[in-house]
Amino acid sequence: KDLGRLDEALQNYDKAIQLKPDFAEAHSNRGITLKDLGRLDEAVASCDKAIQLKPDYAEAHNNRGNALRHLGQLNEALRSYDKAIQLKPDYEEAYNNLGNVLKDLGRLDEALQNYDKAIQLKPDFAEAHSNRGNALKDLGRLDEAVASCDKAIQLKPDYSEAHNNMGVALHDKKELEAAIESCKQALKIEPQYTEARTSLAGFLEEHGKYQEAVRHYDLSNTAYSKAKALQCLYISGCYSEFKDRLDKLAESSDINIRVAAVSAFVTHQLKLKDPYPFCKNSLDFLHVGNLNDHIFDVSSFIENLILEASKESQVWEPKNRTTKFGFQTAPTILKTGKNCMALEKILRKEIDLYHSKYSSEDCAFINSWPSEYNLKGWFVRLVKNGHQKSHIHPSGWLSGVVYLKTIDSLDTDDGSIELGLHGYNLPILDDTYPRKIHRPKPGDIILFPSSLFHRTIPFKLRETRHVIAFDLVPLN
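Its first residue numbered 1, the sequence shown is counted upward by one per residue in my numbering.
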């Protein structure tokens, strides 16, 4: 496993278990390996088996938490780490991992406390110092963030992740040249480090060095970087190269939601035919339903949904998200209680209706419709001046919003949702691009392709606006 030969490692753990079926350590190690292979449900099952055989096995609880975190089951991961620490109070790795999942949940102060505890138990724990720097960055304590990353690098000079984290913190401090150098150092240590490569490309793009940014995006070779390279070419006026690249991406069998969004807007601006096959006229696929179609007492159901969702941890203007003047939960809201779980069943029915409605349409969005999927949902509470900046959901296939409490804005569109082709601050050459505004009512369920840009129009009333947003995320 340490050599990266994961399939062979798995074969040997399986042989060990065949020889000794109650070998808890082998089941736990098998779980770690399955996690690294991306077989996350199997990883959880292996850790569960280890715990069944040895309930006080702290390492298995910790490993289970790691697999659950990668599955996005953050609250369940939290419980696994808590159990590991309960069984082994001086378990510094579990404190560090607990800090990571608390950070994912937006509970930054608690995350920081756990990183501090990990470092107290193991002062030379470079990973905890680096993660602590990340949490401090998100808290806006940038000088401390840089100091924590610097400490991690002192302890482990070849720690590429700490160099990248240092670069991101320096970027937030507006020290762009130093940020670029930190990312370059991370790549010098680990040339295949995609996150550092993407960070570097983004900083170069921000610096106006578009061709160099494109080169690094190309080396990243991720779905995100392919779309970002297109954006750089459009912004820098390299229209011919943009068209050539887009045509090649359109011929690929891979579906890239972000490329689909960029293609729809830029081809409109440049008066080109949109070659990207995902969903060329995405505004035609906007659907509006209502909870009234699924449940009798909608008012009580909405009230219970708000009560249930409001108990979850909510982060004010979460970093790297589009929520402004508002709070947002982690994307686990549909698993938090009986009403939210009932809502998931309703949404699956509405999605089936949606698919039937558009089943005759000839596009990849419909023709390649996922046979299996997860629903990821999050609760958003906006206050006065609240809005969502224009964005898409590139990890989704179909996106939607359930409106629980709306803004009574009389003759204005305040608090409404606007859907259209423009986003990512791409230069507008022709302001006549297609867009629609929907003024929602409580209980409305709107569904649309995940490649469609959308935003919430700011509202000035001293009211709150409650929604549950969600994505259909393909499993196949």
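Bear in mind the hints are in silico, worked out from the structure with no lab data behind them. Worth double-checking, as some hints may not be accurate.
Below, simulated EDC-like cross-link-like pairs (lysine to aspartate or glutamate); rule was C-alpha separation at most 16 Å, straight line [what the hints assert, rightly or not]: (1) Lys384 - Asp430; (2) Lys103 - Glu312; (3) Lys103 - Asp124; (4) Lys441 - Asp274; (5) Lys271 - Asp431; (6) Lys271 - Asp413; (7) Lys243 - Asp284; (8) Lys319 - Glu303; (9) Lys88 - Asp109; (10) Lys54 - Asp22; (11) Lys389 - Asp408; (12) Lys436 - Asp284; (13) Lys248 - Asp218; (14) Lys173 - Asp143; (15) Lys441 - Asp408; (16) Lys405 - Glu317; (17) Lys173 - Asp150; (18) Lys103 - Asp116; (19) Lys376 - Asp362; (20) Lys319 - Glu76; (21) Lys83 - Glu93; (22) Lys271 - Glu303; (23) Lys335 - Glu312; (24) Lys209 - Asp247; (25) Lys273 - Asp244; (26) Lys117 - Asp90; (27) Lys384 - Glu303; (28) Lys460 - Asp444; (29) Lys384 - Asp362; (30) Lys389 - Asp414; (31) Lys319 - Asp150; (32) Lys103 - Asp90; (33) Lys184 - Asp143.
Checked hints:
1. Lys384 - Asp430: This hinted pair is violated, its Cα atoms lying about 32 Å apart.
2. Lys103 - Glu312: holds, 15 Å
3. Lys103 - Asp124: Violated: Lys103 and Asp124 sit about 21 Å apart, past 16 Å.
4. Lys441 - Asp274: Violated - the C-alpha atoms of Asp274 and Lys441 are around 34 Å apart, more than 16 Å.
5. Lys271 - Asp431: holds, 13 Å
6. Lys271 - Asp413: violated, 30 Å
7. Lys243 - Asp284: The given pair, whose Cα atoms are some 25 Å apart, is violated under the 16 Å limit.
8. Lys319 - Glu303: violated, 28 Å
9. Lys88 - Asp109: violated, 23 Å
10. Lys54 - Asp22: Distance of about 9 Å is within 16 Å: holds.
11. Lys389 - Asp408: violated, 20 Å
12. Lys436 - Asp284: holds, 10 Å
13. Lys248 - Asp218: Holds: Lys248 and Asp218 sit about 14 Å apart, inside 16 Å.
14. Lys173 - Asp143: With Cα atoms ~8 Å apart, Lys173 and Asp143 stay inside 16 Å; holds.
15. Lys441 - Asp408: Holds: Lys441 and Asp408 sit about 9 Å apart, inside 16 Å.
16. Lys405 - Glu317: violated, 19 Å
17. Lys173 - Asp150: Roughly 15 Å between the alpha carbons, so the hint for Lys173 and Asp150 holds.
18. Lys103 - Asp116: This hinted pair holds, its Cα atoms lying about 13 Å apart.
19. Lys376 - Asp362: Distance ~27 Å between Lys376 and Asp362 Cα, so the pair is violated.
20. Lys319 - Glu76: violated, 23 Å
21. Lys83 - Glu93: Cα-Cα ~13 Å, so holds.
22. Lys271 - Glu303: The hint is violated at about 48 Å.
23. Lys335 - Glu312: holds, 11 Å
24. Lys209 - Asp247: Not OK: Lys209 and Asp247 at ~24 Å, beyond 16 Å, violated.
25. Lys273 - Asp244: Holds, because 13 Å separates the two Cα atoms, which is no more than 16 Å.
26. Lys117 - Asp90: holds, 9 Å
27. Lys384 - Glu303: Not OK: Lys384 and Glu303 at ~21 Å, beyond 16 Å, violated.
28. Lys460 - Asp444: violated, 22 Å
29. Lys384 - Asp362: Cα-Cα ~42 Å, so violated.
30. Lys389 - Asp414: holds, 14 Å
31. Lys319 - Asp150: With Cα atoms ~22 Å apart, Lys319 and Asp150 exceed 16 Å; violated.
32. Lys103 - Asp90: violated, 21 Å
33. Lys184 - Asp143: violated, 21 Å
Consistency note: the structure conflicts with the earlier hints numbered 1, 3, 4, 6, 7, 8, 9, 11, 16, 19, 20, 22, 24, 27, 28, 29, 31, 32, 33.
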